[in-house]
Amino acid sequence: MGTTAPAAASVRGSSGRVGDVIFEWMCRGAGILVLLLLGGIIITLFVGGLPALRQFGISFIWSTEWDPVEGREEFGGGIAILGTIVASLLAIIMAVPLAFGVAFFLTELAPGWLKRPVGTAIELLAAIPSIIYGMWGLFVIVPIIQGYIQLGWIGEALAEIPGIGFLFASNSFTGTSLFAAALVLAIMILPFIAATMRDVFDQVPAVFKESAYGLGATRWEVVRNVVLPYTRTSVVGGIMLGLGRALGETMAVTFVIGNANRIAVSIFDPTTTIASVVAMEFPESLTGSLQQSSLLLLGFLLFVISFVVLAISRYLLRSKLKS
Amino acid sequence: MNRRSLLFASGAVVLARPALAQAVTVTGAGASFPRPIYERWGQAAREGASISLNYQSIGSGGGINQITNRTVDFGASDAPLPTAQLTERNLLQFPTVMGSIVLIVNIPGVADNALKLTPEVIADLFLGRITRWNDARIVELNTGLRLPNLPVSPAYRADASGTTFVFTTYLSRISDTWKTGPGAGTSIRWPAGNGARGNEGVSNTVRNTPGAIGYTENAYATVNRLVTTQIRNKSGAFVAPVMAAFQAAADVADWSVPGFAADLIDLSGATVWPIVSPTFILLPTNPTADKVAGSLGTMRFFDWCFKNGATAATQLEYMPLPSALHDRIRAAWGAQVKNPAGQAIWTA
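In the order they appear, the protein sequences are chains L and G.
Just so we're aligned, residue 0 is where the first sequence starts under numbering that gives the first Met the number 0, counting upward by one.
Just so we're aligned, residue 0 is where the second sequence starts under numbering that gives the first Met the number 0, counting upward by one.
Bear in mind the hints are in silico, worked out from the structure with no lab data behind them.
Check each hint, because a few of them may be wrong.
Claimed, not checked - Label-pair ranges, simulated between beta-carbon atoms:
no.	chain 1	residue 1	chain 2	residue 2	range
1	G	Q84	L	I153	48 to 56 Å
2	G	Q84	L	I42	24 to 32 Å
3	G	E87	L	I21	52 to 60 Å
4	L	Y147	G	R224	20 to 28 Å
5	L	L88	G	R131	32 to 40 Å
6	L	W152	G	G108	24 to 32 Å
7	G	V251	L	Q54	40 to 48 Å
8	G	V256	L	W152	55 to 63 Å
To be verified - Here are the simulated SDA-like cross-link-like pairs (lysine to any residue), alpha carbons at most 20 Å apart as the crow flies:
no.	chain 1	residue 1	chain 2	residue 2
9	G	K178	L	D66
10	G	K178	L	E69
11	G	K115	G	A243
We treat Cβ as the ideally placed atom computed from N, Cα and C, and that holds for glycine.
With the rest of the complex left out, here is chain G:
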């Protein structure tokens, strides 16, 4: 994998060189979650900023591997890297957009966003402890709903994914049993249910199986008109998965942590959706001489996206970052990314 990508990446650099005056090619690899928006931005930036993006969604782990080996210009990861690892690998980390994760269910007679779930109930559903939908604890929360005597079939992502990382981080946060049991990761040991491949696999399993519950990215649930649920957030309010609720989470987040690794999971606030997460870019702070152009291209690309990409992001159900954060990311580029001579590459 590494070697092939190395050939590929070096090939891209060679190809890009004659055309450097007109268009820069930027090669990136990593998370699959932001792939749709990166591709959309890539198309727009080719015309708007003469930057051509070659993004390979090989998974966050692959993205981290590739950028650590410097075979690409930037890596992309859904889970933030710890500060120590960023320093060790000489990487600058910054977020690009945010996404949210929603629960999808298939319960006959239950309409979109009608079902209310508390964090404890969600954890017990995925732990396999609540086995019927007419369980007293669910009925108590949903007095107006007629819940059938159906077995609960949890569905999860079988492929290691950032979506699973975010969702299991949420479960670990709200349930001690989950934290000490299955834990949080891109793939974990699921105590119950069936694994399906990708967002489409999970949503297909849920759609085909009465009694199923799964988790997926909001973009996927919206486009495919899946039945989502309300969740009780940290402030005790039930919220439906709507853009305003996602944006509320972004607004109360604390972005001043190192590596911009803001934690948007289970935040307080009456209108806050509890499962929101940014996705990150990893950029070398010490690009070699032949990678300086790609490094600058990456920063120019995301600068252009920050300025012009908000509409496209919203259309694809991603959330753009607050604009104050954009300025702080640009400042970090200027301060941290240096060429071999020790000068800042980003000067705008």
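So that you can see chain L by itself, here it is in the shape it has in the complex:
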């Protein structure tokens, strides 16, 4: 781009050049503005969280204390951080196979007339506001989890498995749980992962696939041995994109996770995430209080976690997005 623009401008004369310069600086300004905003948010969060960091030190990251009662304030982000990561990872575990199925279907199996409607429907999932997912999760998914999964034969059978049964046995019977949050998150991030996978699957040169088909490979063998190896890093990048989205999701998670500052031993136990703690407690925290500072520090940590995940995703997607 950069090399062709000056040539075109010289043909059109000086007024065009002035326009180009203005346009260039406007674009550059927009880019710099985003950087400044991002930096500003990081700095604000960090400065706001500094009193809490001073008070509790680095152990804030793994401390499980969270006591906002006046006179004995004690804060630690351990449970929220763990809850955030575990809920997001569980969501990824549930969403990836489904997203792969969707992408595989859309690129390899679906007849032409079906590709567009199904693809659009998947993308529309991304357009649903998260509060809708939250309400739907609370009113539909949670009772189903409670009645048919946790207290149904599936949950009972899983809880009987020796060794890992405790992961599925819980004293909490409300249905709002780590599992509910992960399930809702999985549906929310599905379109992001599925869309990325479909796009990169489509980029596999047709000649590769045709050669494999020519050798007598089945559809599954083509995807397994040609498409997946060719797109591996991009697929992982797409998954990280979904993970990044899951980490920061607030409203939908808050509705269904149970919001308890306790470590979830079982997937049916309530726990909490960084975003939902902040959303729940920020409005009632007094300016300058240790609680508000701890919430800002949690926000900063969430920023760092999401930033790392997204950076990895950009790095992995880099080569494919460039081409």
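Go by the hints and put chain G onto chain L.
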């Protein structure tokens, strides 16, 4: 948040100025618990008193922050501020209405107000120490009821709220274990159960979960026809959550404490409901020249509400204050709220 509200508030003042002759705009922010009644009063006062109310229910903590920064005309808080803080922030505090908190349960076969609970049992239910509904201590209190062998699922407000503050203050009052354990606050460390967002979240959790017990504002329980319980009060009598029981608490309360911060929790009296609480307004005692109109507007608004708003309050399941208290609040306005020249703003 602060900065945006500042813009918003200053915008409201600018907009209000041309129309000052006809209608005053009063901006307030704070507690969500009294929001329905403030909105109802606001609608009525627009026609009745030419005062237009802009109330943002951002939470009590937010209300205190906003009024301390003077970005609004008044703040609203469910928990009273200590006298020292009122002095430090130059605020006058007065109550507007009272509300009550009730327990809601979902136990198959148990009808509304049939279940009797003592304070000790309530504390142990929320502490996670009583884990089954057919626990001997509950059965003993409810000899006529068939209580199923169901696990107890406590449900609490996950969002920091005045409702939680009042309820946990009650629990701290009646149980030493609670006082030294979880304690009282707008959000606390709950030893057991699930947190849900808002009154609607708690009531939804209770409705969906057999064996659940939660707490909610009475207005919410009544409107949604939730199953409530009786509680044994300080005088040893079991009372059902009805208007007469709430009003009985208001009648025996001592309002002569500084900042009108009357304590209506766990009062003595045979018919008194033990979990009742007023909600408060915070008004600057030293409004700057550009805020004098808003300050007067706030006082005129609540004066109008005290005179005309009782019916609306009762309809929404709030309790109006005793009228003797209204007069004392007006006297406090006259004595404490001064304009920059040092004159009383409220002269009526």
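Violations among the numbered hints, reported as their numbers in ascending order: none
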